[in-house]
Amino acid sequence: MILFLAYCAVLFSFASGLLASLSNQRQCLLALQQRYLKNTSAFINHCLEEHHYPHFLRQAVFILLGLSGVFAVLAGLSVLMSGAVLTDQIGLGLPWLPWHIRFDALSGFFFLIIGIAVVAVSLYGTGYVHHYKEKDHPFAALGLFTGLFVMGMLLVLLADDAFVFMIAWELMSVASYFLVAFQHEHAANRRAAFLYLLMAEVGALAIILGFGVLASFSDGFTFDALRHAELSSTWASIAFGLAVLGFGMKAGIVPIHVWLPEAHPVAPSHISALMSGVMLKVALYGLIRFCFDLLKDVQWQWGVVLLVIGTLSALGGILYAMMQPNLKRLLAYSSVENIGIIFMVLGLAMIFLDNGHPELAALGFLAALFHAFNHALFKNLLFLGAGMIHQQTHELNIDMLGGLIKKMPQTSVVFLIGCMSISSLPLFNGFVSEWLAFQTALQVDVLDNGVLRSLIPVSAAALALTAALAAACFVKVFGLTFLGVPRSRHSEKAHEVKDKGMLAATYLLAGLCFLVGIFPSVIISLINRVSGQLLAQTLPNDNALSWLWITPIASSTEQASYSPLLVLIGAVMAGCVCYWYLRRDPEKTLRIAPTWDCGFGGLTPRMQYTSSAFTMPIRRIFAKAWIIDEHVNKDFDGAMNQEVKAVHYSLHIQDHSWPWLYQPLERGVNKLAKQVARIQTGNIRTYLGYSFVTLLLLLWVIS
Amino acid sequence: MNWLIAILQTTLFVALAPLLAGWLKRCKCYLQNRKAPSLLQPYRDLLKLVNKQPVVSEQASWLFIKAPYIIFSATVLAATVVPLIAVNLPTSASADVIVMVGFFAFARFFLALAGLDIGTAFGGMGSSREMTISSLAEPAMLMAVFTLTMTASTTNLSFAISHVLEQGLVLRPSFAFALFALILVAIAETGRIPVDNPTTHLELTMIHEAMILEYSGRHLALIEWASQLKLMLYGVLIANIFLPWGIAQTFSLHDLGYGLLAIMGKLAVLAIILAIAETLVAKMRLFRVQEYLGFAYLLGLLGMLSHIILEAAR
Amino acid sequence: MIPAYLLLLITLVGIVFFGFTRHKADMGKINVWFNAVSLFATVWLAINVFNHGTILSAEKAFLVDSFNVYLIVLTAFIGLTTSIFSAPYMEHEKELGKLTDNRLKLYYSMYQGFMLAMYLVLTTNNMGVMWVAMEGATLATVLLVSLYRTPESIEAAWKYFILCGVGIAQALFGTILLYYAAVQIGDGENALLWSELFQHANQLNPEVLQIAFVFLLIGYGTKIGLVPLHNWLPDAHSEGPTPMSAVLSGLLLNDALYAVVRSKMLVDGATHSDMAGYLMMSFGLLSFLVGALFLHRQKDIKRLFSYSSIEHMGLMTFAFGVGGSLATFAGLLHMTVHSLTKSAIFVTVGHAAQVAGTQRMDKIRGLIKTQPKIGWGLLIGTISIAGFPPFGVFTSEFLVLLATMHSYPWLTLPLLLGIGIAFAGLFRHIQPMVYGEKPEGQQPVKANLLPVMLHLALVLWLGLAIPSFLANWFSQATVLISGSSPL
Amino acid sequence: MNIESQDFYTQIILSMAALVGLTSFLMLGQGRLLRLIFMFAVQGLLLTLTTAVAAYSLNNHHLYISAVLTLALKVIFIPWMLRNEVLKTNLHRDVEALANQTAVMLGGASLMVFSYYVLHPIVQTTSPVMLNALAVSLSVMLLGMLLMISHKQAIAHVVGFMSIENGLFFAAIVATKGMPMVVELGIAFDVLVAAVLFGIFFFHIRSSIDSLDVDLLNKLHEVDK
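Protein chains in written order, with the numbering used here: chain A, 1 to 703; chain B, 1 to 314; chain C, 1 to 487; chain D, 1 to 225.
FYI, nobody ran anything at the bench for these hints, they're computed from the structure. Mixed in with the good hints, there may be bad ones.
Quick look at which bits of chain D chain A covers, simulated, 3 or more residues with Cβ under 8 Å [stated by the list, open to error]:
1. 138 to 148
2. 213 to 223
Partial list, derived from the structure: chain D residues whose beta carbon lies under 8 Å from chain C [stated by the list, open to error]:
3. Ala103
4. Pro121
5. Phe161
Predicted model only: the values in this text are computed from it and were never measured. A virtual CB, placed ideally from N, CA and C, is assigned to each residue, including glycine.
I would like the entire structure built from these sequences, with the hints used as guidance.
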């Protein structure tokens, strides 16, 4: 039954894709209708009319997509509730290896994440894709590959053998590649798509090899077989390394993250939302499945690796994000940061697990999955918000925006909520998972290893730095985008989004962000089942997860406790009291006056702080983190060229891993190819010489 | 009963904050041999501001008007967490020290947004600098706090403090480091000399003032009050974590009164020290701040390490 | 066995017919019909084999077992689809004035001649006849490579002729040595029959067979296009008419590999060393890597894909060299999917070249905007050949990787490198061609993309699920070759 | 083994082998095309004789047919065709300057040794005669390739190609008493067609680069100059 729900989710996504691919086939459909259905209902005719058809088709496609999301949520919840492990086989694949399907708590949890995201996106989609011109950007391609993309992600979660896992994984990659290349008239997008697909390929190969290592120590590719592989710790570590490389490539950890900020922003916004919010989670799922499930006995050194990588990614991600003037690129970089945080906490979980503290491992695991969940929520929210802004202003450069809070009040509210959750302020979901992460890190005292005992707190402080920087970053985003005075005509002319669906989607996500922030224990109890199944260890005490408190470590509030609800009540009380007190007599209402301009007059929007101005102190302080080239040239004129007529300022900030990692590789391959090409001389006698020498060589070898 | 005391303690916090500010100003005046205003001057200012009609820029959005209330209540919530005169209060269980830092972040977030809302260069400058400094200060502070929480193996302040009390006077090198780090952070966070100068409005140097330049009337009052509260919060943190003696562990009237006196005494001393420091030290350039906070972070780290290596080594 | 004879007869008739036909208008369609009939014959043959297992004709001249039966059907199928594509294509070329009627006659009759040679290579049981047929294939195609009579095409044809001729001569020496080893244990007449040799393989003289294998490998390897014997391949592919490139890549290379594998089976039977395997592995790996690197420097679209053929043939050779059930199964599967995909790609490439009026890749732009079918066809085909699921190429590459991981873990690194490099090499060229705005002067052409769709659909099917009868044949062939079954 | 202990047939075969080897050596060193072709014809003739002898002494009748075929193709038709080609293009006047001829000859000699070395493992399974015959034919084949590598003229290439065929044929006759008839015929047919095609190609090549120097066929290369 539960499995049936899961299958429904997959099939509906596929169906939506297929339906979308019909968008250019109106004639054929008409022909079919005339051929077969003699007495067609008025509705069908209505749908098939010239000007209605595309509209109805889009509706139908997104409805199907939404259904798949709903079913995914249902399936996920039900499997988490029942705590069952369902397996199945489908008669596809290799003759001796049918597709193995397995649906357990872990998959269920990620089903939940994907489901929510997909529902939101499908609500949002109809309104958003409206402004694409059919001629340049055919809806057929968009819808088809969206469906396949979602289907791929769901299948990855269901896979129970290496083969179908890889098929689903690559389906996901390829489909999303086509979506990244959807607006392929810009060279930048093409380049991004190429880079993306290349990275996906390399990552996938690494993953295959990871499975290969396991498979060569066991019989067959089913996960059951792989689970029972007896590996030496060296081979296990090799497999782990390959897995981190492969899944990390997709998850976008530093320094192999460069494709991510290129690829995610150039897709249509609702796709960026799916890619950044959900696909990264699928990569995470892969890593968890590989490390905690297939490679049973985790080694703490792996944990340290993840911890270090995670810390790097978190810091690097947020620092790079700070410097981006492009809203969607910024969001993409902040995904790198969040993935980094998740990796850190997973690393902690591994360390605790191998040092014999499974309950703390469960805590770390909890924090990681919870943060994954939250990130999916608010990153989707923010990307969808960015999409609305883009749709209304045709502008993503936040130096060109501003003052939107008055033009788009509803959007601004949901976006604000997104910003607050992502910069992990109390009362919102981001804070809870970060709090749990800190709690995990603070349990370091139980460890004996001095290195770990001193390493973990440092990384905890790095986490703190990350959080603070994130807050700064999103103050910048919200402040420059929505507040202040419009900086361009586009943002001057912006209006609130008309489409109900788009607003509904964002409201849904924003509401979830808030509710999860207030009642985290609901989600936590769900995740607890996951860790129960995977680590055979839940949090020490179940009553710790009462609806009111989270006290993850001990049952009493002895060690650490957080009760969002009480906090909320307190806040509301305090707020109301002073509000009521201060607003009590009516004649002291506000007086509206022009802004104080220091008596000079003529404040212009250009006097406001821009993105690069806002982040200038950070840029000065962490100057080593980027490759900055900053130019100020002044045009002089007047007598003796003394007076400055105009000042030109240009700032270009680049990632370190371009010159250090990517360009060397590219150059190397080209050079090698150039060398190799020299054997194709064009002279036939040389060619004969080759075959001659080869013959002699082989003859000499064998005798 | 407990809840009552908790609420009482919070109100005490709110009520006493301006007094501390007044006392601090007074000390500085003595030191700089100026004629000091009365201790109650801050209260008068607040009252005056509250009764004025606020003027709001025409470019302001709803966020600008709501922000002061949010900031104030966030700070008040932070105050509920910190034990002022008594430990083991129920409110301190609802949120631990990390949440308290969270509240500060919350207030700061909205303060910075409010600064950006009007769209003047001052506001942007202020928020940019504020966010920079705080994002450097936060890890340093957490390092300092973690030293304590790892010693007491809890992040719940009141339990941590009572843990320190039970142990009695132990000379912990880690605490010395942590104390110093926390003081540095407190100075940075509350915008005192040498990081920021609350009394000047010189655009080259001002940080906090630049953000609230557009505020007036009750809004300004709330924000001022919140910042005084923040100052006091840090003071109390330092005082009660590192020398908690005198704080009430039972809720008898005698103990509570004793606790109140004790904390007031400690705060008075701290204020004097701060005043002396502010008189002696000159304000530093903005881009030296990271060295300053880096030093604070280093101290926090040293505290942590010395805890791990010297005190809890296995 | 009748269908096999029928097959050879049809193609023979085809040669003669096109040689002397009068009505030149619709030779293309007639060609399609010829191939259709041969496809029918092969299917009939396949059904027979399916029902009765291995078929050995009277006096053992022909042998159809589970190893070559599907190759035969595949050959006929690709022959048919390519002829479907070539009918309008050659018409268009004629309208462009590149060809005359007589050359078209030559083209079609040689087309049939080539098919004849292919069928003979596959069906014959006699290693000598196999050699003759292989040489015949060269002779049949060499004039087609120079069909356009441009200096380049003549140069290409000459190189093709000489290199393959010399190579094949070495293969003949290998065959003679084989015969020499055989006559020592048996009578003269049957001594070249593969079935006989295979039965008595363990009695054959190992030293002689080792030497013989070297010659056979180099000889037929020249035809497979193994580096460093590959030099003729890109020239011949790029300069000949596109349908020719399609069948060369799709069929000729496969059959050469088939010949090598047949001889390897004998050698393995005789010598109980892995010498043959190691030779094939090293050649395969070398070709794979070098082919992948060459991809990066191509300017001509057909050259590009001919190098990708080299690369894939290298992979197959490697797989057969690794031996073992998994790798062999993968090799067999890869032969199928590669020839399907590659011929489909060449079809689209041909049309793309006609759309842009050139084969230079920097002139071909914005295909999707110009003619979506061709653009998407090329893109999907490339995706499939680059080894992305759910296409069949992925399945075989997956298996090869795992098998290698199992037996020679460290060889997976070069494999990985090769796949990555090859992928980058393909896409850095393909993307700009299919995407982007259409340049002025590019006009849609009359194109029949049915073959492409058919092929890609089949490859997709093979990637998702391998039909049982095919799976049986594969596994039986695997048992024949590697001695153990993957099932 | 010493030759006097062998029967007469074997002695003939061995001397033939020696002669065939000699001819390919002469071809290798030959700069003038007409002489080259003549040498080739001589080699064909020797081959025919060998076949005839083998046919006679083993009274294996189908070898007679292959002898006739050889005569027709390799002694008469192909040399005639090549000769015409040479005369038509006035190539009989100029001598091709072979790059470091001595090295090539020495290389040829060492090849002979090499082929003995390669085929040596076979010796214990068979009579030394066979070994010698195989070795000679292998070396003839290698010398043919060397000829193609060292000569520039397309015609020389054809001669080399055909002499490789000769080597193979010699091996087939001597070592294995002739291949099965089908194969024999097939090979002969292939050689015929190949010869015809060569004729066609000479025409095409001349019409495209009006020369028969294969070094001029170098448009299709991938070395960026």
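Q) Is the shortest C-beta separation between Phe161 of chain D and chain C less than 8 Å? A) Check passed: Cβ of Phe161 of chain D comes within 6 Å of chain C, closer than 8 Å.
Q | Interface hint outcome for Ala103 of chain D [beta carbon to chain C under 8 Å] | A | violated (21 Å)
Q) Does the CB of Pro121 of chain D sit less than 8 Å away from some CB of chain C? A) Hint holds; Pro121 of chain D Cβ to chain C Cβ min 4 Å, cut 8 Å.
Q | Three-residue Cβ test at 8 Å for the coverage of the region 138 to 148 of chain D by chain A | A | holds (count 4)
Q | Given coverage of the region 213 to 223 of chain D by chain A, checked by CB-CB distance under 8 Å (3 or more) | A | n = 9 at 8 Å, threshold three: holds.
The earlier numbered hint that this structure contradicts is number 3, and it is the only one.
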